[in-house]
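In order, the protein sequences belong to chains V and X. Heads up: the first sequence begins at 23 in the working numbering, then just goes up one per residue. Heads up: the second sequence begins at 118 in the working numbering, then just goes up one per residue.
Rather than coming from a laboratory, the hints here were simulated on the basis of the structure. Hints may contain errors.
As the list claims (entries may be wrong) - In silico BS3-like links for lysine-lysine, alpha-carbon gap of 27 Å or less: (1) V/K276 to X/K246; (2) V/K29 to X/K210; (3) X/K127 to V/K140; (4) V/K326 to X/K127.
Stated by the list, open to error - A few chain X residues facing chain V, derived, Cβ under 10 Å: (5) L170; (6) G173; (7) Q176; (8) V197; (9) D200; (10) R206; (11) F215; (12) G216; (13) P219; (14) K222; (15) K246; (16) L250; (17) M265; (18) F350.
Think of the CB as a built atom: it goes at the ideal place given N, C-alpha and C, for glycine as much as any other residue.
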Amino acid sequence: MKLHHEKIAATLILAGLILLSIVIGVADINTETIVLSRIPRTMAAVLAGASLAIAGLIIQILVRNKFVEPGTTGSTEAAMLGVLCVTIFAPGLSIILKMLCAVFSSLVGTIGFLSLAKNLPNDQPLLIPLVGLIYAGVIGAGVTFLAYQGDLLQYLGVWMSGEFSGILSGRYEILWLAGIAAIVAYLSADQLTVVGLGEAATINLGLNYSQVMMVGVATVAMVTGIVVVTIGILPFIGLVVPNVVSRLMGDNLKQALPRVAFLGGILVLSSDIIGRIIRFPYEIPAGTIFGVIGAAVFLYLLLKRPSNG
Amino acid sequence: MITINNVSHKIGANDILTNVTAEIPANGITAIVGPNGAGKSTLLNLIGRQTTLNDGDIQIDGSSLHSTSTDKLALKIALVAQDVGVASRIKIKELIAFGRWPHSKGRLNDFDKEIVEAAMERFDLVDLKDRFLDQLSGGQRQRAFIAMAFAQETDWLLLDEPLNNLDMFHARALMNELKLLAVENQKSIVMVIHDVNYAARWSDYCIGLDFGKIKFAGATQDVLTAKSVEQLFQVNVSVLGSPNGIILDHY
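Just chain V, with the same shape it has in the complex (with noise of 0.2 Å):
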């Protein structure tokens, strides 16, 4: 019954946000607006959103550590080193193919951490997380070397706070995509919830690890990839969103993964729709409104250690 209350009250609040994100903006309200423009931009808010979220959970399961995130395992600087290259040496190719490289880049760098990682010690959770970020932080190093290089550094810019307001219809759909790369993870959430209690457990229920891992990271790279391309980098959402959810119901995927979804669809659609109102008819970047919030509940959630009742 609670259970029940709980979906309609998040499926409520996620359309009305959808209503609002379509009426409000700056340009008159008709139906070429809402068609080309309005909608499309609702619907990567959304898509973008859910998908990172789903993809931080994934990584904090595979990684097997609640502090990070695709952007601090060098997932999303891959992906942007990915597009850069795309963009230097072959600038023709489509945007489906400018993608695969960028899933591809994305992927060769997850797997760079996570074998990494695996050789640091498990009782300092917090090493992790900082080698991440040196890992991630010299993989970004070298993107903005190669833009310089390029003279592309403006272009890159237009990555590093990831915003909505060019989205337009014919230049989101790829984003479908990671929400369904989103959906076939879910396919596999009782596997990714097994490969959360480690190896041993693992190959003592006869799973084998290395494939559900390879799930999980393809998912990862697939989310990061897209969402670097179309929107650019969102940070904080793949943290935030699963360390609230795991606080409230735990790491049971089953049951957190379409939590994580709504709530990460929620959390960006709102940021974007602040960012158009609070300086209207100026905009500020969702990814900055989110930086903010997120940060925000971030700390809180680090200082407030669970209680152990």
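Given the structure of chain V, go ahead and fit chain X onto it with the hints provided.
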């Protein structure tokens, strides 16, 4: 019966196990004892296919680890690791339900649910079933993992130093429970154990391991003597008689 045939294992250039050949009889408790670094856990992890077996062969009731798929083996053996430190927050009842995975692949039927309930009752976890794993003490967590292995309903149960996190009361209670499993449910239990006196009192069969070689193997009352323990651990031991059997005094 578990048949270990000429198994050797190296980590880097170090020989951990050298030409180990042994048979572990079904039904009853088998204790693996020996000094630190003797290769006890390695042997257990090889049997439980946690560590890949490269040299030699191990058969579980006739099924060779080399030719049996890992999901088939999950119906024959369950292993409870020594370090059950877990980062993920899942509820105790969910953890134990995952023990049914080899049978149900995630779709629990009524029978599966009954087994899960029984496991929680048997290991005194009913009151804790809605707690998250990270809200338990080390000893409670260990009990939860043993209950999960019990729910897996395998003939063989492998435990790596299960008494490590437990106080005297709970260590005794666990050994009692394992003994009952062996006697009433005809389970075969293999455990790595540090305290020779627990091995002397509770095990039916005992294997002594040192420097990766088998020093003795046989019925516990025959092989676990003051002399064999002295040789194995390089300490002086005297035997104290007690109404319930011998105590090896090495303190």
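Ascending list of hint numbers which this structure does not respect
Of the numbered hints given earlier, those the structure breaks are 4, 5, 6, 7, 15, 18, listed in rising order.
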